[in-house]
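Trainee: Chain residues, written in single-letter form:
4 protein chains.
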Amino acid sequence: MNPHRKLVLDKITEILAATPDDYEDRLTKMIDAADQVFVGGQGRSGLVTKFFVMRLMHAGYKAFALGETVTPAIRAGDLFIVISGSGETGSLITNAKKAKEIGAKVVLITAKSSSTIGDIADEVLQIGTDSSYQKVFGLPMGTMFELSALIFLEAQISHVIHEKNIPEEEMRSRHAVLE
Amino acid sequence: MNPHRKLVLDKITEILAATPDDYEDRLTKMIDAADQVFVGGQGRSGLVTKFFVMRLMHAGYKAFALGETVTPAIRAGDLFIVISGSGETGSLITNAKKAKEIGAKVVLITAKSSSTIGDIADEVLQIGTDSSYQKVFGLPMGTMFELSALIFLEAQISHVIHEKNIPEEEMRSRHAVLE
Amino acid sequence: MNPHRKLVLDKITEILAATPDDYEDRLTKMIDAADQVFVGGQGRSGLVTKFFVMRLMHAGYKAFALGETVTPAIRAGDLFIVISGSGETGSLITNAKKAKEIGAKVVLITAKSSSTIGDIADEVLQIGTDSSYQKVFGLPMGTMFELSALIFLEAQISHVIHEKNIPEEEMRSRHAVLE
Amino acid sequence: MNPHRKLVLDKITEILAATPDDYEDRLTKMIDAADQVFVGGQGRSGLVTKFFVMRLMHAGYKAFALGETVTPAIRAGDLFIVISGSGETGSLITNAKKAKEIGAKVVLITAKSSSTIGDIADEVLQIGTDSSYQKVFGLPMGTMFELSALIFLEAQISHVIHEKNIPEEEMRSRHAVLE
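Protein chains in written order, with the UniProt record's numbering: chain Z, 1 to 179; chain X, 1 to 179; chain W, 1 to 179; chain A, 1 to 179.
It is possible that some hints are incorrect.
25 angstroms max Cα-Cα, derived DMTMM-like pairs, lysine to aspartate or glutamate [to be verified]:
hint, chain 1, residue 1, chain 2, residue 2
1, A, K29, A, D119
2, A, K6, Z, D22
3, W, K6, X, D22
4, X, K97, W, E179
5, A, K135, Z, E168
Quick caveat, the hints were computed from the structure, so don't treat them as lab data.
Bear in mind the structure is a predicted one, so any value in this text is a computation, not a measurement.
Work out the full structure: start from the sequences and follow the hints.
Mentor: Right, here's the structure in full:
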């Protein structure tokens with residue numbers, strides 16, 4: 001295989017192998033317990049957010065990405081999933097505090113074992129360990145975390161599909177028809 | 001008043017004065033008859049779309065802007081509102097055809113009395129008349145249509161608020177809390 | 001004219017009549033003095049941001065809306081235009097502070113004579129006066145500010161076009177061709 | 001490793017192992033030969049687009065995602081990269097034709113060996129082979145293509161970084177500072 005593809009895939013594989021195997025099960029329970037699910041991230045983590053929210057919607061959940069036109073008010077009983085490698089993104093700190101005050105649950109998906117948002121959150125799902133993210137030339141800035149978080153969340157969708165036995169046709173029927 | 005502000009406001013006022021006064025009432029009936037409302041536009045008309053969809057959501061409607069993460073499949077019984085000055089935007093032609101095939105209603109908000117999307121649509125709401133859009137230096141490209149369509153749709157929201165007597169506090173309670 | 005359209009237009013007209021006439025000239029000088037222009041707002045003020053940035057790009061400026069994919073780093077010598085009715089939007093306070101630290105200029109477009117971002121900014125352009133924004137049934141939440149700020153910024157574009165005598169054809173040649 | 005993570009990673013690995021190893025080199029030559037690079041996709045392929053464009057910008061290219069505020073006109077000498085699993089996305093067919101007419105190059109990244117956009121494009125980079133995309137329960141709709149295309153494009157960035165020896169610090173200096 002092309003060495004750059006191998007570099008990317010090996011790193012994601014190493015990080016996800018170092019990530020507790022029960023996260024998909026725990027996150028499913030949190031999502032199922034919530035009335036509505038809000039997911040927020042900045043920059044490329046914001047794109048990860050949208051990858052995940054679209055599939056949650058296809059799977060039948062009431063899910064929203066922060067900052068979109070129809071994203072409603074969060075309420076007590078909802079879940080706010082924060083995607084932040086550092087756990088220190090300014091606007092997400094503010095949002096996590098607001099969500100807690102309102103009575104929503106907050107879960108942080110992050111690269112760090114300890115952070116400001118981690119202290120606010122009800123649950124912290126650390127992807128890999130603190131030593132997973134040594135600099136690798138060719139995988140600049142947050143690349144390793146963003147891709148690992150994305151693949152974890154795709155696995156999360158697979159977990160939900162298998163657990164609830166959701167036919168692809170049912171998901172497809174919810175998919176946007178208008179481009 | 002600053003002459004540039006006057007230029008913009010005078011032109012919008014002229015166009016909206018030349019627009020049939022019953023449009024807000026007609027559009028309200030179409031929206032109320034629909035299960036879900038989809039709104040689509042390209043470029044700055046796409047921004048007009050989002051201005052409107054957010055307030056529809058605040059007013060309690062199930063409304064979606066095309067192209068956002070949680071926008072679901074359109075179905076028979078839904079309404080597709082197209083915002084297109086020319087009525088000839090390529091992707092919106094395709095979308096209007098799909099919406100009709102599925103059994104949704106299509107309404108076009110446009111600057112032109114006749115167009116491809118106009119021929120597909122169940123209803124055409126022409127903003128102003130064909131002679132409203134002579135070139136004005138300082139209001140380039142689609143400016144006159146985009147702003148007039150926006151103010152018409154803000155008036156549409158005011159119409160809905162008055163007709164249904166929706167308290168501002170109720171709308172505010174649906175507004176996004178997380179930034 | 002339909003009374004709801006009149007309600008919206010009269011309110012915008014009243015607010016812009018109460019707004020100093022030299023703002024377009026002052027803002028043009030700030031934009032012309034900057035290497036790059038960044039514009040940020042939340043919610044519907046974020047849509048106003050994009051209306052304005054697209055026309056700045058058409059007019060030949062290096063302009064960016066916050067949060068988009070290709071928005072680069074702000075640097076000393078750049079201008080950050082904040083659109084915030086309250087002047088208290090959390091993430092924009094953080095951004096305004098960062099911009100100042102880096103050595104960029106900050107200008108606030110707002111509904112309030114005094115605010116946290118106003119205290120940080122080099123210039124405050126208050127749209128209307130503190131008494132302009134009494135509640136009006138039918139114009140919920142930030143509607144009056146958002147529309148008045150938008151029309152002011154469209155007038156700003158008209159000012160720039162007239163001052164620099166920019167042909168529409170030149171602006172159109174920069175407009176996106178791919179939908 | 002959690003079986004769902006393994007399912008996702010094994011499938012991507014299988015697809016990228018079946019993808020010609022010289023694609024990164026070929027795509028680099030196309031990007032380097034272009035004045036400006038435009039990248040377009042719909043739905044989750046649109047998110048892949050933005051992942052890639054942001055890193056191209058960090059690496060010093062003039063790159064744009066379709067549909068964003070500051071995306072300018074495409075011109076002769078530019079490159080249009082289309083990301084479409086089916087190669088049949090309606091608006092992207094229209095865009096690919098426009099780009100060719102203007103004299104830009106078009107390259108398609110796709111799951112199919114043959115398609116409408118493939119017929120228009122100067123180059124087709126098929127990710128995997130036609131037999132790579134058998135249905136897998138848990139990886140609904142376009143998941144396999146979207147993730148494989150994304151990892152390929154991250155490898156593409158690694159290739160560019162290594163070939164041009166771009167320091168991470170240089171990329172970071174271009175990264176957005178304002179959230």
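Trainee: For each hint, tell me whether it holds in the structure or not.
Mentor: So, going through the hints one by one against the coordinates:
{"no.": "1", "hint": "K29(A) to D119(A)", "result": "holds, 21 angstroms"}
{"no.": "2", "hint": "K6(A) to D22(Z)", "result": "holds, 14 angstroms"}
{"no.": "3", "hint": "K6(W) to D22(X)", "result": "holds, 14 angstroms"}
{"no.": "4", "hint": "K97(X) to E179(W)", "result": "holds, 18 angstroms"}
{"no.": "5", "hint": "K135(A) to E168(Z)", "result": "holds, 9 angstroms"}
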